[in-house]
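Numbering (my numbering), first residue to last: 113 to 369.
Hints are computed from structural coordinates only; laboratory data are not their basis.
Computed from a prediction, not measured in an experiment: that's the story for all the values here.
Cβ atoms here follow ideal geometry from the backbone N, Cα and C, with glycine treated the same way.
Hints are supplied without guarantee of correctness; some may be wrong.
What the hints assert, rightly or not - With beta-carbon atoms standing in for the labels, derived distance ranges:
#	residue 1	residue 2	range
1	R321	A165	22 to 30 Å
2	S162	P335	19 to 27 Å
3	D202	S273	28 to 36 Å
4	H363	A204	27 to 35 Å
5	H363	P280	50 to 58 Å
6	A306	E277	40 to 48 Å
7	S162	V206	30 to 38 Å
8	E277	A327	24 to 32 Å
9	S273	L357	31 to 39 Å
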Amino acid sequence: MDGRVVIVTGGTKGIGRHIAQAFLDAGAEVAVCARSEPETLPESGSRKASFHACDVRDATSCRNLADGVGNAHGRIDVLVNNAGGSPPVDAATVSPRFSEAIIALNLTGPLHLSQAVHRWMAGLPEGGSIINIASVAGQRPAPQTAAYGAAKAGLLNLTGSLAQEWGPKIRVNAIIAGLMQTEQTELSYGSQAAQDELSAALPAKRMGRGEDIAAAALYLASPMAAFVSGASLEVHGGGETPLFLDIMKRHVQQAEG
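When you get a sec, could you build the whole thing from the sequences and use the hints?
Below, the structure is given as structure tokens:
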């Protein structure tokens, strides 16, 4: 990735920081954004990621980010739309303002950023690459994630639509992240005992790590993925076992016992 310029939204912590670190280690110039600057930034040797304050829910802020990075480096090669997430909430009582903010963060924000980098990427001889970090929540329903899951499902559709509209100059792909370990894993999955049981239920026998998503993003941005566009790459360790199998197994064991 020598000479390439990469933007990673939400690249100051969690999965985003791992993604930023991977691109730095691969030789790229990396810009990360968040609403507030962290105490430290990803770095590799003598090179460090640059920080840019940005609220991805705001289209003007997104344009300022893209133009700031583009003007500083003369190009933008890769955009990783990583910023996102949501705490669990009750769909019956959550405020409209909260739902709108979650959809803006996880869906319209990536659209704003993609539009903002379009002119920078379309002008490059080799084009550019946009990578949207999606979630298994966008593929299957789950209680307390209504707005978040709907936004991530929309992000997958957006990925395919932009890939068709902006090809061949700009490739657009998504990474569907499974159950992931982050700094706040307990907020999503509960106690360590619960996390261990969830890990054991996955074919890979562990939850995902930031390095797993970073490796997938690096591949999708690289020349090795030159013919990959409009794809949704599932990085979930084999996927979650359907609940009905556990129920059936328990009843069979009870009948035989």
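Verification of the hints:
1. R321 / A165: 22 to 30 Å: Cβ of R321 to Cβ of A165: about 28 Å, so the range 22 to 30 Å holds.
2. S162 / P335: 19 to 27 Å: For P335 against S162, whose Cβ atoms are near 24 Å apart, the range 19 to 27 Å holds.
3. D202 / S273: 28 to 36 Å: This hint holds: roughly 31 Å between Cβ atoms.
4. H363 / A204: 27 to 35 Å: holds (32 Å)
5. H363 / P280: 50 to 58 Å: Holds - the Cβ-Cβ distance for H363 and P280, about 53 Å, lies within 50 to 58 Å.
6. A306 / E277: 40 to 48 Å: holds (42 Å)
7. S162 / V206: 30 to 38 Å: At roughly 36 Å between Cβ atoms, V206 and S162 fall inside 30 to 38 Å, so the hint holds.
8. E277 / A327: 24 to 32 Å: About 28 Å separates the Cβ atoms of E277 and A327, which means 24 to 32 Å holds.
9. S273 / L357: 31 to 39 Å: Holds: the Cβ-Cβ distance is about 35 Å, inside 31 to 39 Å.
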